[in-house]
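Trainee: Take the two lone chains, each set in its own frame, and fit them into one complex as the hints suggest.
If you want the building blocks of each chain, they are given just below.
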Amino acid sequence: AQKITQTQPGMFVQEKEAVTLDCTYDTSDQSYGLFWYKQPSSGEMIFLIYQGSYDEQNATEGRYSLNFQKARKSANLVISASQLGDSAMYFCVGPGTASKLTFGTGTRLQVTL
Amino acid sequence: NAGVMQNPRHLVRRRGQEARLRCSPMKGHSHVYWYRQLPEEGLKFMVYLQKENIIDESGMPKERFSAEFPKEGPSILRIQQVVRGDSAAYFCASSPTSRRTDTQYFGPGTRLTVL
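Those sequence lines, one after another, are chains A and B. In the working numbering, each residue's number is its place in the first sequence (first place is 1) plus 561. In the working numbering, each residue's number is its place in the second sequence (first place is 1) plus 1.
Looking at chain B on its own, in the form it has when it is part of the complex (with noise of 0.2 Å):
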């Protein structure tokens, strides 16, 4: 029964490049949450998307950040135009429902460096 998985697990990235991380959810799991963890700090939440949905955005940088979950494949974190303070670690969670009482599980995250 695999866990969250996320790819790749390290991203260097010169400023003004793409970059591009993802998500698959546990089996069984729809509701996918990108969360952002800037050095000795905790995670921020930035999206919350279901199949093909975006249910709440409200943590996303208005700019050059974009997140998909398709009906098919794995969930996209998009960052365009990278620059230095986008570098942190990002992490993928997962839960069956959106209840506010479920476990939310965290794939090992993707750490990005900007040159």
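Here chain A stands alone, though its shape is the one from the complex (with noise of 0.2 Å):
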């Protein structure tokens, strides 16, 4: 089964500072896309970043990037220069089967002064 692994519950990050939040995978196909979202207390998801498997680079997307290491099977978001406005759940998001896509069960990131 597919499965999507972040070991955060939670985190704490001075507003400016940078954070990594931790993510790993598990799948056996060869092409398959990662992404986050972002879960806000208003509760929408709002999609943050893509990365495909055979992307050279890894993906960036303004103070977002991800940190892939395809042979380790990890994506770790990294968010720089946070804002208060970061404060929100994060999901990790992985191949799932046929099309469905797994959730990692969150990081609750809190931004503080």
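In short, the hints are calculated from the structure, not lab data. Virtual Cβ for every residue (Gly too), placed ideally from N, Cα, C. Worth double-checking, as some hints may not be accurate.
[As the list claims (entries may be wrong)] List of simulated lysine-lysine pairs, DSS-like, C-alpha gap at most 25 Å:
| id | chain 1 | residue 1 | chain 2 | residue 2 |
| --- | --- | --- | --- | --- |
| 1 | A | K634 | B | K45 |
| 2 | A | K564 | B | K72 |
| 3 | A | K564 | B | K63 |
| 4 | B | K72 | B | K52 |
[Said to hold, decoys possible] Computed footprint of chain B on chain A; a stretch qualifies when at least three of its residues, placed anywhere within it, have a C-beta under 8 Å from a C-beta of chain B:
| id | region |
| --- | --- |
| 5 | 570-581 |
| 6 | 585-595 |
| 7 | 660-674 |
Mentor: As structure tokens, then:
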């Protein structure tokens, strides 16, 4: 079965600092995508960043970057220059079977002053 | 360019009633997915539909739950004879194709409360 593991249930980071949220995955597929979504307290699910398994470069989107290590099956999210508005639940999402996504259990990030 | 629309945003039902959740995918997207989120958990896949077809319903409970995506109109997730355990947030997502590298864009969710 496909599995996504997020080992940090909660993280704190000071404003303007960088933070890394860990994610490992398990798949036997050769071609797949990995995603990070953010869920603020308002509840919506916001797409942040995507990494394809065959992409040679690590994905970046503004202050978000993905530290993708294919051999280790890890896809850690790095948020630079944290802002108060980054406080939210973050889900690593990966390849399920067929087209369905498999969600990790999430990491709750709290940005402090 | 409207995103994925879901309504209602909040739905309250008494045990035994029916709940109907609607989802309109993003323009140009013909693939729709429904997920359920219990409190403090990640989303769990329920069903994947294309226009008029159910492609994968492996995450749907065997009884009381059904989904459709008609040729015209939104996708509907229907829960008959709701029970307290059905209380959850139900998210719909859409994508332009079924490629496993496609990003799925989520709607705002429908929060179902069963009294």
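Trainee: Next, verify each hint and record whether it holds.
Mentor: Results of checking the hints against the structure:
| no. | hint | result |
| --- | --- | --- |
| 1 | A/K634 <-> B/K45 | holds (22 Å) |
| 2 | A/K564 <-> B/K72 | violated (34 Å) |
| 3 | A/K564 <-> B/K63 | holds (23 Å) |
| 4 | B/K72 <-> B/K52 | holds (6 Å) |
| 5 | 570-581 | violated (count 0) |
| 6 | 585-595 | holds (count 4) |
| 7 | 660-674 | holds (count 8) |
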